[in-house]
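Undergrad: Residues per chain are reported as follows:
4 protein chains.
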Amino acid sequence: MKNVCVVITARPSYSRIRSALLYLKEDPNINLQIVAGASAVLDTYGKVVNQIMKDGFNITATVFNAVEGEKLVCSAKTTGLGIIELSTVFNNIKPDYVITIADRFETMATAIAASYMNIPLIHIQGGEVTGNIDEKVRHAITKLADVHLVSTSLAKERVIKMGEKPESIYITGCPSIDIAKNALINYNTLKFDPVKKYNGVGNLLADRNEYIVVMQHPVTTEIEDARKQTQCILEAVESIDKQIYWFWPNVDAGADEVSKEIRIHREKDLTNNIYFFKNMSPIDFLVLLMGSQCIIGNSSVAIRECSYLGVPAINIGNRQIGRERGQNVIDVSYTKNDILKAYNYIINHERCIGEELYGNGEAGKEIAKIISQLENISINKILNY
Amino acid sequence: MKNVCVVITARPSYSRIRSALLYLKEDPNINLQIVAGASAVLDTYGKVVNQIMKDGFNITATVFNAVEGEKLVCSAKTTGLGIIELSTVFNNIKPDYVITIADRFETMATAIAASYMNIPLIHIQGGEVTGNIDEKVRHAITKLADVHLVSTSLAKERVIKMGEKPESIYITGCPSIDIAKNALINYNTLKFDPVKKYNGVGNLLADRNEYIVVMQHPVTTEIEDARKQTQCILEAVESIDKQIYWFWPNVDAGADEVSKEIRIHREKDLTNNIYFFKNMSPIDFLVLLMGSQCIIGNSSVAIRECSYLGVPAINIGNRQIGRERGQNVIDVSYTKNDILKAYNYIINHERCIGEELYGNGEAGKEIAKIISQLENISINKILNY
Amino acid sequence: MKNVCVVITARPSYSRIRSALLYLKEDPNINLQIVAGASAVLDTYGKVVNQIMKDGFNITATVFNAVEGEKLVCSAKTTGLGIIELSTVFNNIKPDYVITIADRFETMATAIAASYMNIPLIHIQGGEVTGNIDEKVRHAITKLADVHLVSTSLAKERVIKMGEKPESIYITGCPSIDIAKNALINYNTLKFDPVKKYNGVGNLLADRNEYIVVMQHPVTTEIEDARKQTQCILEAVESIDKQIYWFWPNVDAGADEVSKEIRIHREKDLTNNIYFFKNMSPIDFLVLLMGSQCIIGNSSVAIRECSYLGVPAINIGNRQIGRERGQNVIDVSYTKNDILKAYNYIINHERCIGEELYGNGEAGKEIAKIISQLENISINKILNY
Amino acid sequence: MKNVCVVITARPSYSRIRSALLYLKEDPNINLQIVAGASAVLDTYGKVVNQIMKDGFNITATVFNAVEGEKLVCSAKTTGLGIIELSTVFNNIKPDYVITIADRFETMATAIAASYMNIPLIHIQGGEVTGNIDEKVRHAITKLADVHLVSTSLAKERVIKMGEKPESIYITGCPSIDIAKNALINYNTLKFDPVKKYNGVGNLLADRNEYIVVMQHPVTTEIEDARKQTQCILEAVESIDKQIYWFWPNVDAGADEVSKEIRIHREKDLTNNIYFFKNMSPIDFLVLLMGSQCIIGNSSVAIRECSYLGVPAINIGNRQIGRERGQNVIDVSYTKNDILKAYNYIINHERCIGEELYGNGEAGKEIAKIISQLENISINKILNY
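Protein chains in written order, with UniProt numbering: chain P, 1 to 385; chain S, 1 to 385; chain V, 1 to 385; chain Z, 1 to 385.
These are computed hints drawn from the structure, not numbers from a lab. Any given hint could be a false lead.
A pair holds if it fits inside one copy or across any two, identical chains being indistinguishable in the list.
Under the rule of at most 20 Å between Cα atoms (straight-line distance), these lysine to any residue pairs were calculated in the SDA-like manner [stated by the list, open to error]: (1) K260 x G200; (2) K156 x N384; (3) K94 x T62; (4) K268 x V195; (5) K165 x Y198; (6) K197 x K278; (7) K260 x V195; (8) K260 x Y275; (9) K268 x G200; (10) K369 x N50; (11) K94 x T60; (12) K268 x Q231; (13) K268 x G202.
Turn these sequences into a full structure, and let the hints steer you where they fit.
TA: As structure tokens, then:
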């Protein structure tokens, strides 16, 4: 029995690994250890840990390592405290492998604790290009990781170029597409009323048949702009006579700025067509997207899942720069005008078709299979050139 | 005035940056901030911070972040606590640039605190290849750093290959060669009696004109072997009828194993020709090396400084694998026989000549000049392919 | 020059020490060092640190030590991280005395860091009795402190009984009364419109001449009740046809429960006469209280300042149990009926007169004088029996 | 089944609680959870955790929280890190009660984590008087604890005076006497050769029939004196022509000073009659004491166990001031002369008889019984006056 430990520190990390976890849990050779920490255990961010347990998983350990204050200094501290906490956990539960997901700042804590403790580190979703602190974190983790499970062949190529051994890299597709596939298959039966099912706040139009989803994250290297960016999107969507479903940002540095701007608009009663959600189950969220006119913002969901689902996306700014994208994406800058022009283009053209750019929806199965078959993973590596 | 902050966490880091600090301190455009932490503030490791102050530098802040226990788990914790401590320090002293040196595990704390706080990070000595956890740390820091000051053109090439922009990389030579140059120039005037000047323990031969220096560090990914490796070297040097000057290892995971083995030999009275030092000023150490028959062990000093100084080196095992090396180095495995064979070769052949493989001894000046001229360093970077 | 360091970790701590700080700052023998941390540096809690700087003080160091999550576990972690942070700060700024204020959970971090580092610890407001975790914290700090500045003679008596030497205890009155005195003296000139001056949210009645102030803190040992208690107060005040000014609770464990219940009532449109404030300058808050019909809740302000100011107070539940109280206080249980009965009693009787139970408004001056004259404080103490 | 969690952070804590643990482990109503941390998990201090496991106990969790550096600042940091680590552990293993032992600085971490998390805290050995930081820690923990298991009726009286409710205090005797009783009963069968059984270093006399035991701890509030004190004892015992068995001090602030002084004497070959031990099983240590002429130093063992065993004790300085003592103790100051005079007195008079001042050797049984029967322990308490 191999102890395979997955550290989940945020809502999107869980939705990306969930399909793999379902397979890992059933594998007779694997003792699955789930550790929840950072924003995944916080009420303010929808307490993903509850969802994980509802999905039938046991939580091996919970750690609280989010240091409060929306400042960059607290991203660093959260990571430092994460290392302290996770190293104790690893020392007590003795994983044979540790899995870390993608590129959020605090995932570095998982990577350092595991690699410093000579536990083979499996990194999911390396080799992508986005800019921002995520970019630095993602590639730094690649250099700490011993096994790389990447989404696309372009990602694999980049990881090789960075000096990793080809035989340590596996293309699995992106696990986020697995949920998208599920949503796609069950679209008709899954349909639901988001307002009834999830506790949001804000305003609802009488006619909500046509609606737009907004998901905007603050960019940590552009904190001072976070408020202006939010203002720009708010102004754009306030001028569209459709229901807007807006999702609150994660607990990144800058989230406070976003919230402040939203509050100002709400208090001035400008958000008459906007309803705000804190979180939603991944599959419900995708179903919501499929029924929408388009998604607006800077979320990676617009690039990945929406490419597979064929949901039009207005991607604003640089946050997703460098990511491979399908025909569903229209890139715009932070101006009300650009956003509205893109929206008009979308509603006046035929809806795009889904693509398998980020995988075919079997990534979870593939990831679980690879992990199950790992053997004699060396923690010693040197640059491949 | 730019605030330039250097974090020093260990003896070798200081000796590698000292020549640059002397120039930075004199630069009218620069306010030099020195932060001392980890083993640099510990008595057990010779309290380098005292030497720094004796050299005329002010210490802006001191942090204690070494978590005790020679286990790997404590390397992780030391790094986590380092991030917590350094982020507070950076937040209070507001550096415009942060400099981190080389690849010791705890330097990751400096790199994370700075990069997460959007402070441009300058990395010294990236792009080298050594194996071991140092290898992972070094390249991960490269992916977090914004400016790269490397030792050799081969190192630059590697950093470019990893995806960094060529214009962010500068070849400065290795600053350790600066001290070597100084030692070389002043060799005759600098000569000293190490036993009189430094408080060591152990045994001294009557005739110490010919002597050998041993410097052996535990390899963190081979902890279980640390004791056997020490035993092998002890047995080899015990059988040579020359004075041995042995330097205690740094506070890495595994140091305890090394110490234990040494203690056993000492208690069995096997170490009749071995005298043990805890530390020595960098320049005295180099002068000592220059007067020696050779250096034995796995220290990088044998590869870098000794190449410049023309000191024969018996390099054991894999710790320095991948580093560019000069003609002074004989690579051997961990067997008494190999070590003795190499030693016999050395004493029966003419002494090798120094080479400028790692620079010409002006690295400190060059580093200071580049830092002084840095302008508009962007903290946003993306993979260069 | 003596370095006197005050650690401020929350809004109420600052308002209690402010008058003393003004005197300490002017003392030529004292170098005042202010360290801000925990909720005092957080936006969510009104960022008291900004107010401190606006009041003309320098901040010597800022630390972020609030670990997020409204759970008790995070109160512990916040305290642990506080010790780590403050010990570094103390080690770098070398205070001759450290002052800690009252009994919030995180003040224990100040007390431990100082006493463990052999820095004489001055505790303000020991010897009071309240129940709750505050009670444990307050007396534990008394046992760590070397000098005790207490509010009343009863408090002094209690500190003596706990085994402290009488000569280490000084009655200064409660510094919170200093602001109250100031507010009392300048009441007419200070009057202001709270809604115009402070950014709140909620509903305003047309006629706001008569109003009630509510301040309710969750009780950490009764977390599960926090929501019911809030509900009870909400229902009571919703049924009174006067403007309610409600202040959000501090970041204690349980604050989330309070907020949730408020949110539910707001979303059901039950809070038509309630306007919510996050924070207010201490003096404005007191002026607001003086103009009010009464204060409702479980805040110590109702017991201390309102006793001096002669503001009727409906004190609910056990949080203030054991505190000395004046004739202004009506104690009730958590039932809508009790609260309304007390309110009716108040509006149908003549307003009470202020008392000097907690001092005469010169506590700050007195505290500063005592600290200025401290000499040869021993950090060695033993139980006085 | 009640989860009863004991946190063990040092060798002496374990020896004091061991007998109670043996009973608790057998209690069908109790699930015993042992957490090991601080110096209890460090090689340098004999790794007590190994002994605990050898004694048949399971370790529920291990934490590394000793921050290196013999400075006071690191005692504070170790405590802070301890709180962070233990709060996570408690949150994951959910104890119904937490037990903390005596008064070492880091036990405060246990006390804070438990009391802040509303877990009833049981304190063993409160109410004693010793001076030093231990004194502050011990009484502060009393103010945080909900149940007090004290050694003597005088201790109970003091805890009552500090304001605790009499019904929360139980006199159990001191558990250290349990081992002493065991040693006393089995003295003849237990006898052993300490040098053969334990790995020490130093010098042995040919005739070791008569010997003296030295145990000296640095006093944290007198660090600058630690070296002089050690020197004084060394000089005294060096002049006695008997075998000395000297025990290394714990990892308190100041331990380094003690070690330094010892090293100097060893290197000057002054310690010809001294053999140094790092640690010994508690029972072997007591048997060793029973066979000795006397114990010299400032350890509490001389006051407690030796009073029961009738071992003469030369107690030096103020560390044990205020502790109840039997007729076996001679108090002296730090002068060679005083120590030698006391020694001469001892060898020229009849050996004293054991007393039951600290209990009758059934404390462990009594402690286990009380804990087993605890019911409805309230975590709410207020000063009893």
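Undergrad: Hint by hint, note whether the structure agrees.
TA: For each hint, the structure was consulted:
no.	hint	result
1	K260 x G200	both (17 Å within a copy, 13 Å between copies)
2	K156 x N384	both (14 Å within a copy, 15 Å between copies)
3	K94 x T62	both (15 Å within a copy, 12 Å between copies)
4	K268 x V195	between (23 Å within a copy, 15 Å between copies)
5	K165 x Y198	neither (46 Å within a copy, 46 Å between copies)
6	K197 x K278	within (12 Å within a copy, 31 Å between copies)
7	K260 x V195	between (23 Å within a copy, 18 Å between copies)
8	K260 x Y275	both (16 Å within a copy, 19 Å between copies)
9	K268 x G200	both (19 Å within a copy, 13 Å between copies)
10	K369 x N50	neither (27 Å within a copy, 39 Å between copies)
11	K94 x T60	both (12 Å within a copy, 13 Å between copies)
12	K268 x Q231	within (13 Å within a copy, 28 Å between copies)
13	K268 x G202	both (13 Å within a copy, 13 Å between copies)
The structure fails hints 5 and 10 (numbered hints given earlier, in ascending order).
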